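*Asks:* Residue strings, one per chain:
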Amino acid sequence: MSSITADHLTRTFGDLTAVDDLTFDLPAGGVVGFVGPNGSGKSTTIRVLLGLIAASGGTGTVLGESIEHPERFAHRVGALIEGPTFVGSLTAWDNLRSLAALRGLPKRRIHEVLDIVGLSGREHDRASTFSLGMKQRLGIAAALLPDPELLVLDEPTNGLDPAGIVEIRSLLKSLADGRRTVVVSSHLMSEIQAMADDLVVIRFGKLLYSGSLDGLMDDAVERVIAEPEHRSDLPQLLNAVESQGWSHGSTGGIVSIELPADRSADVDRLARTTGINLRQLTPQRDNLEDLFLRLTGSSDAELTAGRSDQRNSGATS
Amino acid sequence: MTSTATLPTPRPVAGQQNMVNAVRSEWIRIWRPTFRYGAIGTLAVFAATISYFIYSSLADPTSAETARRGATTSADLEKPVGMIYALGPISTITGVILLSLWAIATASDYDTGMIRVLVQAQPSRLKLLSAKLVALTGFTVIACTVTVLATAAAARPLARIYDVERAAWRTDTPVELLSGAFNFLVPTLVWGLIGLTIAVLTRSAGVAIGLGIGWLLVVENLIAITAPDLTDYLPGGTLSALAGGGTPDLEWSLALGLTTLYGIAATTISLVTFRNRDITS
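The listed protein sequences derive, respectively, from chains A and B.
Its first residue numbered 1, the first sequence is counted upward by one per residue in the working numbering.
Its first residue numbered 1, the second sequence is counted upward by one per residue in the working numbering.
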């Protein structure tokens, strides 16, 4: 059973192709990370899937229903799209009451979602007086109102302090039980790595990866970082590493050797037999951010510039 | 924060998401304190203030200048409709206030991004906008009722102070009041519809209000200079004519017909646009 599928989904705005022939299949249940740099087309993809904007081409399904008929799945989906939105002059309670009324839900459901996101006791405060973190929680509460099978959250930890991020992460993981799928869109790789079971990675609206996080992390490279006590020993250490045939690189007085963590002792032995004392010997493994950069081959700034170039070339072609 | 994965509420069914729910949802947001006290309070204050100015600056009925300018005399106020005579002069400002309110209620959904949440929860856009029309109409009926009552309430003490004969006010009062209120309400509703339509088209409260008021105060006046025969048939002229119970150039029934046409056109444009366009802020 899939929670969301996309089949050659495309959306263009003039000359810009924001969503470019995306095809993926997200499993039901668990947390799915929807990852890409700013401006990569994540929000546009979500808006197309939820029926807010029309696709220029291709199709998709949400909870088994075609995205051309959002009325068939809307009551089973909760979403926080591009940040929390409320009427500032209304209380949190009235804001949720308005959305609960639209979905035909009882008032007791408002108490329940306020309790889930930890805003009980603040429901009679105006939304405009809430901090950004509280607004995020209120946004998640609004998305939870229909007790959704699919919860779609666009950058849910934006503006939260570290403690708030941990709380939201823990909440989202607890919400992603067997029957519920939580799709979290974010450009923060560490956040996604900490909670996602599956992953969709896009860049310039194109799919780079779709599958399990573990599957992607299998490609993670393990390294041992070695730093000689005296920088003058660096050439000698590099020669010794080369003599072992180990793949390596060097920057800023540090040697990065592609070896699994349990081979750290071998590096230490090699250095000592060469007469070199090490200041640092650290096993390291690629994180999602490293893998993402490897997939895209670019930094975030370069990607944004690339997007701009794409727009410009599209405009002039 | 409670970390629970088990939510006890039964799943709602699609059939429950009906028009009544959408109207209730809209009403909660529209009946907010800033709208409630801001718009209705402002209208009541305007009604009382303009009534005061009308009564305190009555023109001399024997003066030729009065006849030429069509200024208000005590004879105008002594007619059966005199108790709510001020509704005519305040109809334009009421229209501007309600145009602004409808525009803000509509465009603020785009400004805040609330429109995304609403359309995701209720994908039937026709239902959503129709619910907004119903809720805003309800609000406008209340606002106009308060304005009519404030006008009528202000008229009695002002008539006493400025020696305006009130004998005729006691004849046919309910009919006159209802007729006056109708002539006041219908153009006000159409002003609101125009505000909503411009807001749907521009997705900006500021631009919608600017265009609406700019049309009324600038464009129609410019057209009046270049093509004076057209003035009565333009939206501002037509709605003012209806609010005043008709004019020598545009009788009441024709003003009502034109006003209805403007209302139908605005509603159609807004519904078609809202239904077919992407939901973007």
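Treat the hints as calculated values from the structure; they're not laboratory data.
One thing to keep in mind: the hints can contain errors.
Computed footprint of chain B on chain A; a stretch qualifies when at least three of its residues, placed anywhere within it, have a C-beta under 8 Å from a C-beta of chain B [stated by the list, open to error]:
{"hint": "1", "segment": "40-54"}
{"hint": "2", "segment": "65-79"}
SDA-like cross-link-like pairs, simulated, lysine to any residue; straight-line CA separation at most 20 Å [unchecked claim]:
{"hint": "3", "chain 1": "A", "residue 1": "K206", "chain 2": "A", "residue 2": "L188"}
{"hint": "4", "chain 1": "B", "residue 1": "K79", "chain 2": "B", "residue 2": "F182"}
{"hint": "5", "chain 1": "A", "residue 1": "K173", "chain 2": "A", "residue 2": "L188"}
{"hint": "6", "chain 1": "B", "residue 1": "K127", "chain 2": "A", "residue 2": "R76"}
{"hint": "7", "chain 1": "A", "residue 1": "K107", "chain 2": "B", "residue 2": "N276"}
{"hint": "8", "chain 1": "A", "residue 1": "K135", "chain 2": "B", "residue 2": "I93"}
{"hint": "9", "chain 1": "B", "residue 1": "K127", "chain 2": "B", "residue 2": "L250"}
{"hint": "10", "chain 1": "A", "residue 1": "K107", "chain 2": "B", "residue 2": "Y52"}
{"hint": "11", "chain 1": "A", "residue 1": "K107", "chain 2": "B", "residue 2": "A150"}
{"hint": "12", "chain 1": "A", "residue 1": "K135", "chain 2": "B", "residue 2": "S108"}
{"hint": "13", "chain 1": "A", "residue 1": "K107", "chain 2": "B", "residue 2": "T112"}
{"hint": "14", "chain 1": "B", "residue 1": "K127", "chain 2": "A", "residue 2": "H69"}
{"hint": "15", "chain 1": "B", "residue 1": "K79", "chain 2": "B", "residue 2": "R24"}
{"hint": "16", "chain 1": "B", "residue 1": "K79", "chain 2": "B", "residue 2": "F53"}
{"hint": "17", "chain 1": "A", "residue 1": "K135", "chain 2": "B", "residue 2": "T112"}
{"hint": "18", "chain 1": "B", "residue 1": "K127", "chain 2": "A", "residue 2": "Q193"}
{"hint": "19", "chain 1": "B", "residue 1": "K127", "chain 2": "A", "residue 2": "R72"}
{"hint": "20", "chain 1": "A", "residue 1": "K173", "chain 2": "A", "residue 2": "K107"}
{"hint": "21", "chain 1": "A", "residue 1": "K173", "chain 2": "A", "residue 2": "Q193"}
{"hint": "22", "chain 1": "B", "residue 1": "K79", "chain 2": "B", "residue 2": "Y52"}
{"hint": "23", "chain 1": "A", "residue 1": "K135", "chain 2": "B", "residue 2": "S130"}
{"hint": "24", "chain 1": "B", "residue 1": "K79", "chain 2": "B", "residue 2": "A168"}
{"hint": "25", "chain 1": "B", "residue 1": "K127", "chain 2": "B", "residue 2": "N276"}
{"hint": "26", "chain 1": "A", "residue 1": "K206", "chain 2": "A", "residue 2": "T17"}
{"hint": "27", "chain 1": "B", "residue 1": "K127", "chain 2": "A", "residue 2": "R97"}
{"hint": "28", "chain 1": "B", "residue 1": "K127", "chain 2": "B", "residue 2": "Y110"}
{"hint": "29", "chain 1": "A", "residue 1": "K135", "chain 2": "A", "residue 2": "R97"}
{"hint": "30", "chain 1": "B", "residue 1": "K127", "chain 2": "B", "residue 2": "T137"}
{"hint": "31", "chain 1": "B", "residue 1": "K79", "chain 2": "B", "residue 2": "A150"}
{"hint": "32", "chain 1": "A", "residue 1": "K135", "chain 2": "A", "residue 2": "S89"}
{"hint": "33", "chain 1": "A", "residue 1": "K107", "chain 2": "B", "residue 2": "W31"}
{"hint": "34", "chain 1": "B", "residue 1": "K127", "chain 2": "A", "residue 2": "D214"}
{"hint": "35", "chain 1": "A", "residue 1": "K135", "chain 2": "B", "residue 2": "F53"}
{"hint": "36", "chain 1": "B", "residue 1": "K127", "chain 2": "A", "residue 2": "A101"}
{"hint": "37", "chain 1": "B", "residue 1": "K127", "chain 2": "A", "residue 2": "E68"}
{"hint": "38", "chain 1": "A", "residue 1": "K107", "chain 2": "B", "residue 2": "N18"}
{"hint": "39", "chain 1": "B", "residue 1": "K127", "chain 2": "A", "residue 2": "D7"}
{"hint": "40", "chain 1": "A", "residue 1": "K135", "chain 2": "A", "residue 2": "D177"}
Source: prediction; values computed, not measured.
Glycine residues also receive a C-beta, built at the ideal position from the N, C-alpha and C atoms.
*Asks:* Give a verdict on every hint.
*Replies:* Comparing the hints with the structure gives:
A stretch counts as covered by a chain when three or more of its residues have a beta carbon under 8 Å from one of that chain; for the segment 40-54 of chain A and chain B the count is 6, and the coverage holds. Requiring three or more residues with a Cβ within less than 8 Å of a Cβ of chain B, the coverage given for the segment 65-79 of chain A holds, as 8 such residues are present. Annotation: proposed proximity of A:K206 to A:L188 holds, straight-line Cα distance about 18 Å (limit 20 Å). Among the hinted pairs, B:K79 with B:F182 is consistent with the structure: their alpha-carbon atoms are about 18 Å apart, no more than 20 Å.
Between A:K173 and A:L188 the CA atoms are separated by roughly 17 Å; this keeps the pair inside 20 Å, and the hint holds. A C-alpha spacing of about 19 Å is found between B:K127 and A:R76, which places the hinted pair at or below 20 Å, so the restraint holds. Of the pairs offered as hints, the one joining A:K107 and B:N276 is violated, with about 33 Å between alpha carbons and a cut-off of 20 Å exceeded. With a C-alpha separation of about 37 Å, the suggested pair A:K135 and B:I93 falls outside the 20 Å cut-off, and the hint is violated.
Restraint check: the Cα-Cα separation between B:K127 and B:L250 comes to about 36 Å, which exceeds 20 Å; the hinted pair is violated. Distance restraint check for A:K107 and B:Y52: the Cα-Cα separation of roughly 47 Å exceeds the 20 Å cut-off, and the hinted pair is therefore not satisfied. A threshold of 20 Å between alpha carbons decides the hint, and for A:K107 with B:A150 the separation of about 36 Å lies outside it, so the pair is violated. For the given pair, A:K135 sits about 18 Å from B:S108 by alpha-carbon distance, which is consistent with the 20 Å threshold.
Of the supplied pair hints, the one linking A:K107 and B:T112 is violated, its CA atoms being roughly 24 Å apart against a limit of 20 Å. For a cut-off of 20 Å, the pair hint linking B:K127 to A:H69 stands: about 15 Å separates their Cα positions. Distance check on the hinted pair: B:K79 and B:R24 sit about 42 Å apart at the alpha-carbon level, beyond 20 Å; violated. Straight-line distance between C-alpha atoms of B:K79 and B:F53 comes to about 18 Å, which keeps the hinted pair within the 20 Å bound.
With a CA separation close to 13 Å, the supplied pair A:K135 and B:T112 stays within the 20 Å bound. Pair hint B:K127 plus A:Q193 does not hold up; C-alpha atoms about 41 Å apart against a cutoff of 20 Å. For the hint pairing B:K127 with A:R72, the CA-to-CA distance comes to about 15 Å; that is within 20 Å, so the pair holds. Distance check on the hinted pair: A:K173 and A:K107 sit about 26 Å apart at the alpha-carbon level, beyond 20 Å; violated.
Between the alpha carbons of A:K173 and A:Q193 the distance comes to roughly 12 Å, so the proposed pair stays at or under 20 Å and holds. At most 20 Å may separate the alpha-carbon atoms for a hinted pair to count; B:K79 and B:Y52 meet this at roughly 18 Å. Restraint check: the Cα-Cα separation between A:K135 and B:S130 comes to about 29 Å, which exceeds 20 Å; the hinted pair is violated. For the hint linking B:K79 to B:A168, the alpha-carbon distance of about 6 Å falls within 20 Å, and the restraint holds.
About 13 Å separates the Cα atoms of B:K127 and B:N276, which keeps this hinted pair within 20 Å; it holds. At roughly 9 Å between alpha-carbon atoms, A:K206 and A:T17 fall within 20 Å of each other, so this suggested pair holds. For the hint pairing B:K127 with A:R97, the CA-to-CA distance comes to about 19 Å; that is within 20 Å, so the pair holds. Our distance criterion of 20 Å between C-alpha atoms is met by B:K127 and B:Y110, whose separation comes to about 17 Å.
Proximity of A:K135 to A:R97 is assessed by CA-CA distance (about 16 Å); at most 20 Å being required, the pair is judged to hold. For a cut-off of 20 Å, the pair hint linking B:K127 to B:T137 stands: about 15 Å separates their Cα positions. Taken as a hint, the B:K79 and B:A150 pair is honoured in the structure, with Cα atoms around 19 Å apart against an allowance of 20 Å. As the CA atoms of A:K135 and A:S89 are separated by approximately 13 Å, the hinted pair is consistent with the 20 Å bound.
For a cut-off of 20 Å, the pair hint linking A:K107 to B:W31 stands: about 18 Å separates their Cα positions. A C-alpha spacing of about 44 Å is found between B:K127 and A:D214, which places the hinted pair above 20 Å, so the restraint is violated. Between A:K135 and B:F53 the CA atoms are separated by roughly 47 Å; this puts the pair beyond 20 Å, and the hint is violated. Of the pairs offered as hints, the one joining B:K127 and A:A101 holds, with about 14 Å between alpha carbons and a cut-off of 20 Å not exceeded.
Under the criterion of a C-alpha separation no larger than 20 Å, the hint pairing B:K127 with A:E68 is consistent with the structure, at around 17 Å. Between A:K107 and B:N18 the CA atoms are separated by roughly 17 Å; this keeps the pair inside 20 Å, and the hint holds. Using a Cα cut-off of 20 Å, the hinted pair B:K127 and A:D7 is violated, with the two alpha carbons roughly 29 Å apart. Proposed proximity of A:K135 and A:D177 is contradicted: the alpha carbons are some 24 Å apart, above 20 Å.
Hint compliance for this structure: hints 7, 8, 9, 10, 11, 13, 15, 18, 20, 23, 34, 35, 39, 40 are broken, all remaining hints hold.
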